[in-house]
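Heads up: the protein sequence lines correspond to chains L and G, in order.
Position in the first sequence counted from 1, then plus 876, gives you this note's numbering.
Position in the second sequence counted from 1, then plus 876, gives you this note's numbering.
Treat the hints with caution; some may be incorrect.
When chains are identical, the list treats them as one kind, so a pair holds in a single copy or across two.
When the alpha-carbon atoms are kept at most 25 Å apart in a straight line, the in silico DSS-like pairs for lysine-lysine are as follows [what the hints assert, rightly or not]:
id	residue 1	residue 2
1	1083	1118
2	978	1041
3	1047	978
4	1037	1047
5	994	1041
6	1047	1118
To be clear, the hints were calculated from the coordinates, so they are not data collected in a lab.
Protein chains: 2
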Amino acid sequence: MGGGLCVVLVEPRNPLNIGAAARAMSNFGFIELRLVNPYQVAYREARSAVNAHAILEASQEYPSVAEAISDSTLVVGTTAAGHRELQHPLRRLETGGRLIRKRLDAGSRVALLFGSEKFGLGNDAMSHCHWLMRIPTREEHGSMNLGQSVAVCLYELIRSKEAAKAKPEGKRLASAEQLERITEALLEALRQSGYVHPRVSVSTEMKIRRLVRRMNLAEHDAVVWLGMLRQVIWKLEQCRDKSE
Amino acid sequence: MGGGLCVVLVEPRNPLNIGAAARAMSNFGFIELRLVNPYQVAYREARSAVNAHAILEASQEYPSVAEAISDSTLVVGTTAAGHRELQHPLRRLETGGRLIRKRLDAGSRVALLFGSEKFGLGNDAMSHCHWLMRIPTREEHGSMNLGQSVAVCLYELIRSKEAAKAKPEGKRLASAEQLERITEALLEALRQSGYVHPRVSVSTEMKIRRLVRRMNLAEHDAVVWLGMLRQVIWKLEQCRDKSE
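With the sequences and hints as input, model every part of the structure.
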């Protein structure tokens, strides 16, 4: 999917942010980075940064937004919450992400624009956009760090709806037989240690049995518990034998 | 919702990352930041950083993971893709985020742990976790920047499923009457300029009418178009009058 999307940083000023944007792209499998009028020192420094070498090496520089996006059929600008350019549809990232995914799946080329650290996207850059997208930050503190907003937007694009619904992978649970063996061992240890009476009442036995079931033990952990309890019982029996 | 969650940075080394984590927390409405054995210089520098002052000021320092999480009933560790600690359930962020939200909604206190920039969470820190969560990065480049992974995880927690399904907000579309007025004005301009014959054929008229409908004009834009076309027609008529 990543092949159809290019990330366009408009007038970025901080090499750390350029590097961070490239790193997030690499993390999430997007490869095409374009820079419009980057601050040259920042661009040079970023290129020497680690962790996203290939993306920075292959990144392209453009003198204007129009040239950076010329091959795209959908151009989306990102903006801080609250900032709304007249006449531009503004979509939350969840909604906008879905629309972008749809276009990428259909083979379209999409440009995703991020403005400079200080000022965000200017009106000129926005005028090239089909619509704007905002990360749902708090109104009181809407403006995100550039590298972080690139990461969050790209995450939304690769996010799997199916994984969100997925049941947590099941652990192999202990069998009833294992649980009963643990119950017996625990009762034995409690008898030996004097926690319960040697002739355990039925109600106590049931309490302990339920206690063990509530542990919701995985098969592997049941084996460990049984081993621990048997060792304790062995030691308790030794003590008893010695004191007798 | 943010009230029940604390972000725990275990042995962070870079003040920029501590500041970035705090900034993402502020962006997404989470307030409680805890640091386990932060590198002191980094911690002092981060506290002087802008953009998330309140969160850094209120952040607490702890000598051990156990103490930092003691009041939490769910402890979740974050880890890079692929790194899997034995016996710990590992969940993708989409799945894990859903489980965390559920617990927060129920009023539980949840601790979300992030390891140091270089090594991630160590085995000792992981042993305090109920389960682990991973951001679905590429296998070839799984390790994310600390500030970016905090931002992505918190975004998943505040992300709205409803917003993802939401239809893009409707624009107020132009009425059929407006569209017909534009069609007539456009035809008039095309006549005056000689693009079409003064007596336009029915099929041409229908082509132009459909062309205008395909513009999918908003009400506001229809007004602008009509104004532009009328001005052009006025100028064309002036030219014709002069040349006659």
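Evaluated hints:
Taking CA atoms no more than 25 Å apart as the test, residue 1083 paired with residue 1118 passes in neither setting, with 31 Å inside one copy and 105 Å between copies. Within a single copy, residue 978 and residue 1041 get their C-alpha atoms as close as 20 Å, and across copies as close as 13 Å, so both meet the 25 Å cut-off. Within a single copy, residue 1047 and residue 978 get their C-alpha atoms only as close as 35 Å, which misses the 25 Å cut-off; across copies the closest is 20 Å, which meets it. Taking identical chains as interchangeable, the C-alpha atoms of residue 1037 and residue 1047 lie at most 25 Å apart only when both belong to the same chain, with a minimum of 22 Å there against 27 Å between chains.
Taking CA atoms no more than 25 Å apart as the test, residue 994 paired with residue 1041 passes in neither setting, with 38 Å inside one copy and 32 Å between copies. When the C-alpha separation of residue 1047 and residue 1118 is checked against a cutoff of 25 Å, the pair qualifies neither within a copy, at 42 Å, nor between copies, at 88 Å.
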